[in-house]
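Trainee: Each protein sequence line maps, in turn, to chains A and B. Using the UniProt record's numbering, you'd call the opening residue of the first sequence number 1 and step up by one each time. Using the UniProt record's numbering, you'd call the opening residue of the second sequence number 1 and step up by one each time.
Read the hints as simulated data drawn from the structure, not as lab findings. Among the hints, erroneous ones may be present.
Pairs of lysine-lysine, DSSO-like flavour, derived with a Cα cap of 27 Å [unchecked claim]:
hint, chain 1, residue 1, chain 2, residue 2
1, B, Lys222, A, Lys389
2, A, Lys246, B, Lys233
3, B, Lys60, A, Lys272
4, B, Lys36, A, Lys272
5, B, Lys167, A, Lys389
6, B, Lys222, A, Lys396
7, B, Lys174, B, Lys282
8, A, Lys240, A, Lys297
9, A, Lys152, B, Lys233
For reference, the chains in residue letters:
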Amino acid sequence: MSTLGIVMLVHTAFRRAEQVARHWANAGCPVVIHVDKAVPSAAYDHFAGKLADLPGVTLGPRYRCEWGTWGIVAASQAASQLLLDQHPEVRHVYLTSGSCLPLRPVGELIEYLNARPDTDFIESATTADVPWTVGGLEAERFTLHFPFSWRKRRALFDNFVALQRRLRVRRKIPEGLVPHMGSQWWCLTRDTLSAILNDPKRSQYDTYFRRVWIPDESYFQTMARVHAKKVESRSLTLSKFDIQGKPHVFYDDHLQLLRRSDCFVARKIWPKADGLYRAFLTDPDRALKRTEPNPGKIDRIFTRAVDRRTRGRPGLYMASRYPNHGWEHGITAWPYSVFQGFDDLFENFGGWLNRTAGARVHGHLFARDRVHFAGDADTFNGAMTDNAKLRDANPKAFLTNVIWNTRGERQCILFSPRDRQAVLHDMVRDPNAQISVISGAWAVPLFKSNANFGDIRKRAALLQKIENEALQLLQAHHVQARVRIWSLAEFIEAPLEPLQAIIEEIAHLPDNRLREAPHMTDLAGFGPFLQRLKNEGMHPYLMGDFPAEARTASAGDRPRKPYLVKKS
Amino acid sequence: MSLRQSYRLRLQRRRLLIRAFRKRRQLRPVTNRTGKIRRGDILLFATMRNEAVRLPYFLKYYRDLGVSHFLLVDNDSTDRTLQFLSNQQDVSVWHTRAGYKKSRFGMDWMNHLLRVYGDGHWCLTVDPDELFVYPFCDTRPLSALTDWLDASAVRSFGTMLLDMYPKGKLNAHKYEAGDNPVDIAAWFDPGNYLLRRNDLMWNLWIQGGPRARVFFADQPDKAPALNKIPLVKWDRRYAYVSSTHNMLPRGLNLVYEQAGGEKASGVLLHTKFLNTFNKKAKEELTRKQHYSGSQEYLAYAHMVKENPDLWCSHSEKYINWRQLEILGLMSKGNWA
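Next comes chain A alone, as it looks inside the complex (with noise of 0.2 Å):
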């Protein structure tokens, strides 16, 4: 007989443990499983009668056990004690379960601990440390009590702990223990369970366990701390938790994962998954064939599992994920750029734009006729249309759709108060949102065009009352943006700089510095425009001052002054 001994727990899927049992078995390894009370005596019985023909598989006395109460562990304690008593030979005990797989030969695990006669397997650390616990019972669960069931009696458990809490009832940790906590499966040596099993103290501890949460991942781990020789906190079989603290569950699909885990033992493997069955209990010659193993996938899979459910990918909006207001992460899943003004301002800015940033730049995707999107498409990814009214019926939907659309690309938007307004709200809650606005910039069409004066000036009082609603939302304290805020006064003193400072958070500028500026469009005759403007009683002032005559008419005569940076 083998050094081994293995003790299995099992409530459900019989044909697995029945099946895992006889690949122990066969190994050479004494096997006592622990069937659960609840289970119904045919089903029992029909389970034993299978064992019946290996000798070295015997059904221990049963529990009831129950999620997180003692059964779990006074079952582990009785199957240790029955599989000491009746196998000498036993140096190491490896608790299971009936959904544990063994990954590697048997073989290869015996030789590995008879490599380490005197070592513990078992992950054991004290609550202060980790923060491994769901329901935020860390180092409560040892100092509090727990009479009720949390899975038939929620509430009465939660309204105890919350009474207790109120009453600062605090229980008093036998003498001699630290309390430590680990995954539940273990592989201890013959020595240090004889003593915990053995230990004069064993009735005291036991009561003080059998009030506390979850004892089956600190009765052991608590008691090994006392007195084993030497222990690596470390658990031999592989098994991950996911947000709600149940285990992860393997399929067929995970039979290269597994195969590359490196590990001993796995849970939980799905009862139906014939496929892993197969490759690991069935052909021991062909599981030898190990490929190089890779442990830490496993680890990366699950994390990115739990990073999905938690986190989600942010700006995605779909069946499954719908943050409420303030809950998305990041409203778009990608930086972006919006400008608004600067088209009135300079001549074939996207362009430019285009050309300098190496950017996608759209036109105004928010005007009012239709969806320009860059190069004038009428469809653009995940087949959205140029339709306006498409866009109307919800346009924080449209926005975040066409970043998610396009993310690893950042897009440019010339935004403008002739187009709808309403996405704005969002942009400004947006941190992935850069928006530039040169404040006034919309009166310079209304100066060129030829319309009549009396639609312009009804039409400048329209867009400076809208610019004016955007530029309190884009000011107001809650803005996550990136907002950048200059009058055309100011901006045109200077243009460079504040084109270098946006260029320079889109692109990486070779030495630092624009090559080329946009053309600015002739601003000859402007203040006069807006002296007139005035005389009519419309004041525009978002623009900042423009002279009224003077400067401006000898600018008209000579050439301006050109503002590119000098060549180097």
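With the hints as your guide, set chain B onto chain A.
Mentor: Just chain B now, with coordinates in the frame of chain A:
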């Protein structure tokens, strides 16, 4: 306010269940094999009319996923639907001549059958042109998903209806019985969906896709809803309200995460747009048995005349569920 609201919804749920119970007389059992249903079986419920050509693939698809029994209502088909279904050993079928519209588009019949046979089972309620896709569906049977949902204490599983369409005219490819419809209707819109929340029923309201793009561009609010909750661990107190878009009690509609994460979800591949569509649209127009005064079908009929090609240069060709997950149309959630 919220107390009154939940009381009102309770009454509504009661009314739906009573309505379903009264409509039971409209259903005449043709073959009732429900005695074969075992504990833990996954059941499928559907209403259909003249779907003989789709049924062979439909049944095969869901059998392969692990559906154990089909409970189907035949709404007075004039083709071989009823005869075909009666010969299937895992199908129970009921026949009715009553109006589809009057039974709230079949949902009264579905609610009744679900209440009688679905209690305690995981139940899929789909249309014959809908194929259910969930994470890992190429490697894990449906019972892997339902076992996991059980272990996670989740009662309902959300999906989005994804309209599939061929490249070119609808009648360019002929669909034959037994074919995979996705081989023909292989394209879909990857990223033009609009979401909103229904504050009373708590379900999401999703619109978009090719129907919104082509048929409803000028009245986007009228575009068909694409949110569906087809997979539910049924309880006799539950009731579907409007198609499988939402249900009561309304907590079952919370199939989406609200604090930023993603729950696991799937997609229903909607293979309505085949060469069979033209005929169906015409028939439904005369029967006037469809949703919102057949407005949807009116829009279709108009477009059908104009030779529709739903395909556009940004359409995406279907590969597998992983593609849909990367595009963000479904999610693995924390199932790994």
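Trainee: Does each hint fit the structure? Answer for all of them.
Mentor: Against the structure, the hints:
Of the supplied pair hints, the one linking B/Lys222 and A/Lys389 holds, its CA atoms being roughly 12 Å apart against a limit of 27 Å. For the suggested pair A/Lys246 and B/Lys233, the alpha carbons sit about 20 Å apart, so the restraint of at most 27 Å is met. With a C-alpha separation of about 21 Å, the suggested pairing of B/Lys60 with A/Lys272 holds against the 27 Å cut-off. Distance hint between B/Lys36 and A/Lys272 is fulfilled; the C-alpha atoms sit about 22 Å from each other, no more than 27 Å.
Annotation: proposed proximity of B/Lys167 to A/Lys389 holds, straight-line Cα distance about 26 Å (limit 27 Å). Annotation: proposed proximity of B/Lys222 to A/Lys396 holds, straight-line Cα distance about 19 Å (limit 27 Å). For the given pair, B/Lys174 sits about 18 Å from B/Lys282 by alpha-carbon distance, which is consistent with the 27 Å threshold. This hinted pair checks out: A/Lys240 and A/Lys297 have alpha carbons roughly 12 Å apart, not beyond 27 Å.
Distance check on the hinted pair: A/Lys152 and B/Lys233 sit about 19 Å apart at the alpha-carbon level, within 27 Å; holds.
Hint compliance for this structure: no hint is broken.
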